[in-house]
Amino acid sequence: MIVERLEGALRAAEAAGARAAEASHDGRELETVRFAGSTVTGATLVKEQHTRIRVLVGDRLGAATTTSLDPAVLADAAARAVAVARLMPATPDQPEFAHDGPLPSVPQPEPSAPGSWPPLLETIFGAAARHGLTCAGSLTNGPRTLAVATSAGARREARLPEASLSVFALDGRASGHAAFTGRRLDEVDVAALASTAAETGAAARDPVELPAGEYDVLFSPHAVAELLEWMSNTSFSARAVVDGTSLLAGRHGELVCDPRITVADDWDHPASVRRAPFDSEGSPKRRVVPITAGRGGDAVTDLATAARLGARSTGHAGPIGTEYVEGPCAAHVVLSPGTDSTDALLGKMERGLYVTRLHYVNGFLDTRRAVMTGMTRDGTFLVEHGRRGRPVRNLRFTDSILDALSPERLGGIGDRLVAVATTWTNLGAILCPALLLRRFRFTGQSK
Amino acid sequence: MSLSLLSDAVAAVRRRPGVDYADARAVELDAEVITLRGQGPTLRDPRVERLSRDRSFGVGVRVLYRGAWGFGARPGISAEDLAAAAEDALLVAQAASRIRRAPARLVEEEPARGHWETPVAIDPFSVPLDRKLADLLPALALLAEGGDPRLASVEGRQLWRREQKAFVSSEGSELTQTLVYGGAGIKVVATEGDEVAVRSWPMDLDGGVGGVGYELVARLALEAHAPGLRAEALALLTAPVCPAGRTTLILDTPQLALQIHESCGHPTELDRALGEEISLAGGSFLTPDKLGRFRYGSPRVNLVADARTPGGVGTFGWDDEGVSARRTPLVSRGMFVGYLSSRETAESQQLGRSGGCMRAESWSRPAIIRMTNVSLEPDPEGPVSLEELIADTADGVLMTTNRSWSIDDLRLNFQFGCEVAWKIEGGKRTTMWKRPLYTGSTPAFWGGCDAIGRAEAWEMWGFVSCGKGDPIQLMGVGHGCAPARFRDVEVGAS
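Protein sequences appear in the order of chains A and B. When we follow our numbering, the leftmost residue of the first sequence carries the number 105, and every step to the right adds one. When we follow our numbering, the leftmost residue of the second sequence carries the number 41, and every step to the right adds one.
What the hints contain is simulated information worked out from the structure, not anything from laboratory work. All values derive from a computational prediction rather than experimental measurement. Warning: the hint list may mix true and false statements.
[Stated by the list, open to error] Lysine to aspartate or glutamate pairs mimicking DMTMM-like chemistry, simulated, CA-CA at most 20 angstroms apart:
(1) A:Lys452 x A:Glu512
(2) B:Lys463 x B:Glu272
(3) A:Lys551 x B:Glu302
(4) A:Lys551 x B:Glu387
(5) B:Lys330 x B:Glu387
(6) A:Lys452 x A:Asp362
(7) B:Lys468 x B:Asp528
(8) A:Lys551 x B:Asp528
(9) A:Lys452 x A:Asp275
(10) B:Lys330 x A:Asp275
(11) A:Lys551 x A:Asp362
(12) A:Lys551 x A:Glu313
(13) A:Lys551 x B:Asp329
(14) B:Lys463 x B:Glu530
(15) B:Lys463 x B:Asp490
Build out the structure end to end from the sequences listed, making use of the hints.
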C-alpha cells in the first residue's frame, strides 16, 4: 500500500522538525499508442509517479516533490520541504492539513492488460479503409494510483483504471472524429466508434466555403466539453472569484444565463468516470454547483482558498506534479442534460451548422463574459431544414459563451451525456450533452 | 549517473532478436517554483502561494523492434529500473510491429561522445530562497502601491530547472549534459465591474525565461517595469476598445516571439507536416511538396532554428537522439526552405541529415520533434529600436504582451489577443486601446512584413510551456526577434 510509504514520509518530516505534514502521491502505469496514416508511429509503457510532501514548521509552509517511493528518497524530500519552510515568512492564517473522516468506497475494475490493443486498431484501420480513409489518433490505458496521508490522520488511497481512445479518419483535409473516455478498453464499442469516425470523415470530403457571420450551431458533446473546460478553468475556481476575473464574481444568485443551464462539479455522478472521492490534499470531494438553473453559484476550493473564505474545502485541490495549474480546479464538470435527442435538435434548425469538434479554443479573451475563440475541425456540416448536409470548410468563432447560453440564444440541450477527457489538468472527465446555440458568431475561415 | 549502467542495458536489449536499435536516457531534474500572490486583503502583503523544490529522476529506454518503436520508462536509475524499462519498451514495440505498415529507418548520424553544460554566470540553485523572494517583493509592492481599490491582485513568479542527462545508443553515442534554464515575471490585475485588465512583464504564464543563470533576473528589471504596469492596468479599465479594421500593425518582441512560435515554429515540425500529430496538435500547411517552392513571407523574412544560440531555452549540446546541436534555416528571404526534423523523418523525406530536434519533456516521455530556438533574424537595414520603427510609421497600431492565442489545425488562421495596444499617428504613440486582438492567415501576414529591427533591437525570449504530443509534453523553446511591422492586418477587440 502506498499509504504506508507516505506514512514513513510523515515520520521523516516530523523528525526533521515539522509540526505537521502531508504526503500526496499521484502515479500512473500508462500505456500510450499513437498512430497516423493507419500505422503505429509509437508505443510507450511508462511508470511515472509524483509524491509531494508539504510541511508546517510553525506557521511556515514548505513543499518538495520527488518521483520515488524509496523510503530514503522520501525522507530526503521531507527534509527539503522542512528546509524550504524554515525560509518562508510566517502566514498566520495558514490552514492545517486535512483530517481523517469516512469516505465512500468506489469499486473499480482492473485495467486492461498492456499490449492487448492490436486487434482493436486493426478494426479501426479497417473501418477507415472501407471508406478510402486513413486513421490517426491515440489510445491510452493503465491504472492511476492516488494516495494521501496527513499528520492530522487522513489516510486515502484509490486505484483508478483509465482508458481512452481518440480516432481521426482522414482524407486530405477531410476528417472525422470519434472518441471514448472510460476505465477499460473493452468498454468501448470499437466497431461503432470506428464507423462514426469513418462515416464523418467520408462525409467531410469536398467542403464548401461559408462566409463569416452568425449561424445557429449544434455543437456535439465533444465540442461542448472544450467550451466547458475553458469556462471551468477561468471561472469555477475560488481563486478567480476572489480575483474578480471569474464570470461568477459578484453574481451569486444572479441570473447569468438561461435557467435550463445547470453546471455542477460532481465526482459522484452516476455517469462520472475516473473518479476518486478525495483530492490531492486528502479532503473529501463535495458536489459544487457553479451555475444553478442559470444563476451564479459556488466556486470550488482547496484548503488555502477555503481558509481565506472562512469555509470548508470542497475537495478540489489541483493535481500535483504540474507547475501550470495553480489553485483549486473542477475535475468532474457536468452540464445537466435536457430532453432533446440529436434529431430533435437538428429539427429545430432551418439553416445552421453541426460542429463535431473544436480546435485550439482560448478562453482568456474576456473571462467575465466567457468570450472565447477557436476553430471547428473534424467534421463541420451545413444543416438545412433539419438535416445534416454538405461539409463546410473549418471556421473560426469568437463569441461570448455566456451570452450564447442566454434565453434568447439557447436553442436546446441534448438528452445524452458523453464523457470527455480533460486536457488541462488530466483529472477526471467532463460530462455534457450536445447544445444548440443560436446566432453563434463566426469571424473567419481556415485558409 | 553511470554511463556504463546505460551501456549495459542498451547492449542487453540490442542483443534481443529483432531489435534493430536501442537507446537509453537517464535524467535527474531539479526544479524550483516560486509564486507570490497578493489578492484582496493581502494585496500589499503578498503571500507565498507556492514554493517547492522538486526532484525527478528516472530512465527511459527506446527500442526499434522489426522497424517499430517502443519506449519504456521507470522512476529510479538502477540496473533493475533500466532492465524493467527495456522490457516494457520491447513489449509494446512487439505489439506495434504486428500492425506497423513500413519499418522506421534512421538517417545516418555520426555517434557522439562528450559533455555539455549551459553556460551560467550565477547558478540559480545556489541562490538562497530568501534572496529569490527579495528579488520579487519590491516589484510586487510597486504594483500594489497607492491602494487603488480597483487593483485585484499582484503576482510574481520564478521558475528554475536543471536537467542532468545521460544518453547512450546502440550505435556508440555516450553523452552527458547539464541544462539550466528559467526566469521570472510579474503581473497585475485590475478590475472594475465587468472590466478586467491584465498587465504583465515580460509576459504572463511563463514570464521571462532563458537558457541562462540567475543573472537573468537583474536583466529583467522587474522593479523598473512595475510602476508602468500598474498605471497601464488601471488606465486600461476605462480605455476605449481597439477599433476594428485593417491597418498597419507593429508587434513588440514579447508578442512577436509567440507569433513566431505558433505560425513558424510549429508548422515547420516535420512530424506535424507528415500528419503524425493530427490527433492532438494538428497538421501543417507546409507540406513536403512546398519545400523550396513556397513563399512563406516577404523577402525581408528569415527564420532559422538554431540550438546553439547563446541564452536560448532551446539551446543544448545534443538532442535526445544524440544528434549534435545545429542550425537549420526554415525560411530564407521569404521562401520556405527547411524543417525541424528527427533522424526518422529526415530519412523518410531524404533530407540528408537530422535537424537535431528530438527532445523529451522528461525521462518518462519519448523524444519527439520540438522547436529549438526558432528566431527571426534581424534586418541589418532595419530600425535600431522599437521607437524608431514607430517613428517610421505614419498610421497604425502597436500591440504588446500576449493575452490570448488561437490558431487552426494547419497553422494558417490565427487570432491573438494582447494586453494593450496603442494607436500610432504620425509616428507617435497616442491613444491606449484595450482588449486588442489581431487575426490573419500565416502566409499573408508574413507577406506583409515590411520592416524588422536591427541586431541592436533583437532580444531572446522563451517559453517553457510549449505543449505537443500525446500524452502532452511541455518543452522549453527559445525565440529571438526584433520588433517588426506588418501591413494590412485585421485588428479589433474581443
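Distance restraint between Lys551 (chain A) and Asp362 (chain A), which requires alpha-carbon spacing of 20 angstroms or less
With Cα atoms ~35 angstroms apart, Lys551 (chain A) and Asp362 (chain A) exceed 20 angstroms; violated.
Straight-line alpha-carbon gap Lys452 (chain A) to Glu512 (chain A), limit 20 angstroms:
Holds: Lys452 (chain A) and Glu512 (chain A) sit about 14 angstroms apart, inside 20 angstroms.
Could you grab the alpha-carbon distance between Lys468 (chain B) and Asp528 (chain B) and see if it respects the 20 angstroms cut-off?
Since the Cα atoms of Lys468 (chain B) and Asp528 (chain B) sit roughly 19 angstroms apart, the hinted pair holds (cutoff 20 angstroms).
Satisfaction of hint between Asp275 (chain A) and Lys452 (chain A), Cα-Cα up to 20 angstroms
Violated, at about 31 angstroms.
Sort out whether Asp528 (chain B) lies within 20 angstroms of Lys551 (chain A), counting only the CA atoms.
17 angstroms, holds
Taking 20 angstroms as the top limit, are the C-alpha atoms of Lys551 (chain A) and Glu313 (chain A) close enough?
10 angstroms, holds
Hey, Lys463 (chain B) versus Glu272 (chain B), does the alpha-carbon distance stay inside 20 angstroms?
The given pair, whose Cα atoms are some 15 angstroms apart, holds under the 20 angstroms limit.
With a cut-off of 20 angstroms on the C-alpha distance, tell me whether Lys551 (chain A) and Asp329 (chain B) pass.
OK: Lys551 (chain A) and Asp329 (chain B) at ~18 angstroms, within 20 angstroms.
Against the 20 angstroms threshold, does the CA-CA distance of Lys452 (chain A) and Asp362 (chain A) hold or violate the hint?
18 angstroms, holds
Is Lys463 (chain B) within 20 angstroms of Glu530 (chain B), Cα to Cα?
14 angstroms, holds
When you check the alpha-carbon spacing of Lys463 (chain B) and Asp490 (chain B), does it fall within 20 angstroms?
19 angstroms, holds
Below or equal to 20 angstroms on CA atoms is what counts here, so check Lys551 (chain A) against Glu387 (chain B).
30 angstroms, violated
Violated hints, in rising order: 4, 9 and 11; the structure is consistent with all others.
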